[in-house]
Amino acid sequence: MRIPVETFHLDNGLFVTLSEDHTAPIVAVNLWYHVGSANERTGRTGFAHLFEHMLFQGSAHVGSNEHFELIQRAGGTLNGSTWLERTNYFETVPSNELALALWLEADRMGELLPAMTQEKLDTQRDVVKNERRWAVDNQPYGTMLEKMQELVFPSSHPFQHSLIGSMDDLSAASLDDVAQFFATYYTPDNAVLSIAGDFDGAETRKLIVDYFGPIARGRGKPPLPPMDLPPVFGERRRELVYDNVSLPRLFMAFRSPVFGSEEYYAASVTSALLGLRRGSRLHRSLVRERQIAADVSAFTFDLAKGTDLLVVDVTARPETSALQLEEEVEREIDRLHSDGASEAEVRRAIALIETDLTASLQSAGERADRLSMFATFFKEPRLINEQATRYASVTVEQVNRLISERFGDDNRANLIYVPKEGVESEGALVAAAGMA
Amino acid sequence: MVTSLRPKAGPTHDYRFPQFRDEVLPNGIRLITAPVAKLPLVTVLVLIDAGSTNDPMGKEGTAALTAASMLEGTSNYDGARLAEEFEQLGTSLETGADWDSTYLKITVLSSKLREAAKLLGDAISRPIFPEREIERLKAERLAEILQLETEPRGLADEKFSEFLYADNSRYSKPDEGSAESVGSLTRADVEEFYRSNYKSKATTVIVVGDISSEDARRVITDAFQKWPSGAGREQRLVAAPRTDTKRVHIVNKPDAPQSELRVGHVGLPRRHPDFFPTLVMNAVLGGLFGSRINLNLREVHAYTYGASSFYDWRRGAGPFVISTAVESEVTAPALREILLEINRIRGENISEEELSLAKDYLEGVFPIRYETTAAIASALATLAIYGLPADYYDSYRANVHNVSGDAVLEAARQHLHPERLQTVIVGDSGIVRDSLDARDLGEVTVYNG
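Chains A and B supply the protein sequences, listed in that same order. In terms of the working numbering, the first sequence has 53 at position 53, counting the first letter as 1, and numbering is strictly consecutive. When you read off a place in the second sequence, starting at 1, and then add 436, the result is the number in the working numbering.
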């Protein structure tokens, strides 16, 4: 199964990818700007994400909040998101509204600044502070991402600081910062535009040339500091976080091959064999057989630069202490490191990944987002069609080489959440389950 | 310069919800099949007409525990082996119980469908419910309940249901059961629930994806040969409110940086004749990003990251709830704005602009909702669960389109009840309590620990 992919560049550097599919009258528009929290300057943590909010506050010909209103009035869905390496903006609309979606994206790429005001910045700053309270500060384990970044990356590494940002840095952000960030990073030559779904190729090319063509190329962006890191930590890292949580939970991170590299696929399969679904190694052993964990999963961050991270995430059962949890997971990882994985485990992981990959391509928005991702990181959106084959060709030998290189005790960073105070009802729960 | 000329919409392209065949198999199972050949995938959704509302009194959580126990072993395979067999086929598998039904859902490449469906049919026709696995699943549910103590969003939802419904309503208790009720469940309860509810006449199988209706029928007939025949049990629906008097319930979390707010009352059953006017009314009030409540609380006042309102549609009258999380210091003004918006939408006609925004959104977004085999299967399940007519999705957009401004005002007056609002605040009582106006919101009670 292959999806069609066409590409072209505008003179101003905008990279465009198109993928037609006429099974339903809907079309997805997706823009990736190659800028994320990694590009923030010192003292401005959280700015890339705050800036994403400002992109919904209008542009030269679009009123405040009108972007949302126009798309929703058209019967579309939309949003944006910020990550370490990129920021994306996307909408899926009925196909007769494609021109509107493209025009809105072009207007804010070309002429955002006339609409920016101190009042809008102040409002969005407060909205983002509330987002931080909601998603990070008032949520159990909500600090995981920022604590993990601090633990695994050296200070001054672009991935080391908080994505959502500190309250102080958010307070310090100014309209000048908005103007500078816009001029530096929100330029056509630093963006990819992908369109997937029901559209006419020739008409759409013309719209893109008309709307995005007049936008000036950027003047280049400052290079990121060196990001490469050795393949392993070279030491054990560990942080205990005493927090307002009910159950101990361990996030064990391994440095792993960057997204898109040959070895990445073996790492991704390893993460699936460890923690994807109920038949995975850790679920079977820690949840089903030993019954010391309530839940298990594993995932990769999919970072394309420096190093990727593979994370094993295990939540304890109430009667398991944080230290016992850590010991048991360590033992499982030691066992994997010394004995390796079996052919059946690798096949199971690949079969599940193949179904998930296929299922994800059903949605026009997902297709467009993946096209943008491959175009941004590798200048080659057609990689979207290579993924299933790449996974299918992963061998048990490759997986075991990866495991032997990356799962030793010189490459583990343990972030452990410990309940700050024993919850009173714990005893009652244990007794209620007949486990006491 | 980007052109200042806003593009106009082109001519609309036709869309129809996928065509489906609806039939009854000789053994009594209802089979709904929708061939959708976009990608080589199939979703099979087995729906049992028995959900959490079928839980025996005091045994809340039985439906959920039974659903979770279904794939824990047969006389041929133990649970671990069963998981292995499904996953070697790449099967994405999910089971659970909601208020009105139990579901077992697989999505798999079409080339693996026959094997995966056979495995599913065998597993759920002959479950052995091993005691050890049932005790483990109970312990996992108890761990989840414990997590709620420190999870303000889930805790607010749960407390809201508890304060909303009368004690004898199933809706007042968590759908997957409380620590007390789950602790009391036994293997016998699970087996009894299975034997009395998992019956052919209470079963609908929905097949959506890259397969013809004829082939789907053959696959399902073959896979469900051993499915128990007969009819299930009646549901017990009690949706009475706990009180008709407005009240405030503060669940005290000292030092919480935000207050999680839930404001609302008992709503309407899914089959209510005012469904469409109420849907449009809610879209204007709090159902969209551009709705009154979100624009007011987020974009005007910056009290929150987001605020929304929601009718939780069930067979019985589910909750109507406004949800948000605001900085602790602005809890009282945020509640004042929420109350103001409820009164405003009951007080006067909404503008033409607001009406068209809500309707255009609901009509336009319709095809975007059904991009995946799983989403189409869920939509067909909605038909089956609520007994909606076969042309429900074909007439959906016309039904939205025909809602008038007057009908929205009438829906707001009939179905929003400021005098009955229950307000739940999970937050720091020390900061919040004294700022609340009991005249607006009712008597305040603080719950510690």
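The hints are simulated quantities; they were obtained by calculation from the structure and are not laboratory data. Computed from a predicted structure; not experimentally measured. Ideal placement from N, C-alpha and C gives every residue a C-beta, glycine not left out. Take the hints with a grain of salt, since some may be wrong.
Using 35 Å as the maximum straight-line C-alpha spacing, the simulated DSBU-like pairs for lysine-lysine come out as follows [what the hints assert, rightly or not]:
#: 1; chain 1: A; residue 1: Lys420; chain 2: B; residue 2: Lys495
#: 2; chain 1: B; residue 1: Lys444; chain 2: A; residue 2: Lys206
#: 3; chain 1: B; residue 1: Lys444; chain 2: A; residue 2: Lys379
#: 4; chain 1: A; residue 1: Lys147; chain 2: A; residue 2: Lys206
#: 5; chain 1: A; residue 1: Lys221; chain 2: A; residue 2: Lys120
#: 6; chain 1: A; residue 1: Lys379; chain 2: B; residue 2: Lys474
#: 7; chain 1: B; residue 1: Lys474; chain 2: B; residue 2: Lys444
#: 8; chain 1: B; residue 1: Lys554; chain 2: B; residue 2: Lys474
#: 9; chain 1: A; residue 1: Lys120; chain 2: B; residue 2: Lys444
Derived contacts from chain B toward chain A, CB cut-off under 10 Å, selection only [stated by the list, open to error]:
#: 10; residue: Asn463
#: 11; residue: Gly464
#: 12; residue: Arg572
#: 13; residue: Gln583
#: 14; residue: Ser608
#: 15; residue: Glu627
#: 16; residue: Ile804
#: 17; residue: Tyr806
#: 18; residue: Thr808
#: 19; residue: Gly863
A short list of chain B residues far from chain A (calculated; beta carbon distances all over 12 Å) [what the hints assert, rightly or not]:
#: 20; residue: Asp534
#: 21; residue: Glu587
#: 22; residue: Pro588
#: 23; residue: Phe712
#: 24; residue: Asn779
#: 25; residue: Thr818
#: 26; residue: Leu824
#: 27; residue: Ser831
#: 28; residue: Ala843
#: 29; residue: Glu879
Margin query: So, against the hints stated earlier in the document, which numbers end up violated here?
Written below: 4, 10, 11, 14, 15, 21 and 22
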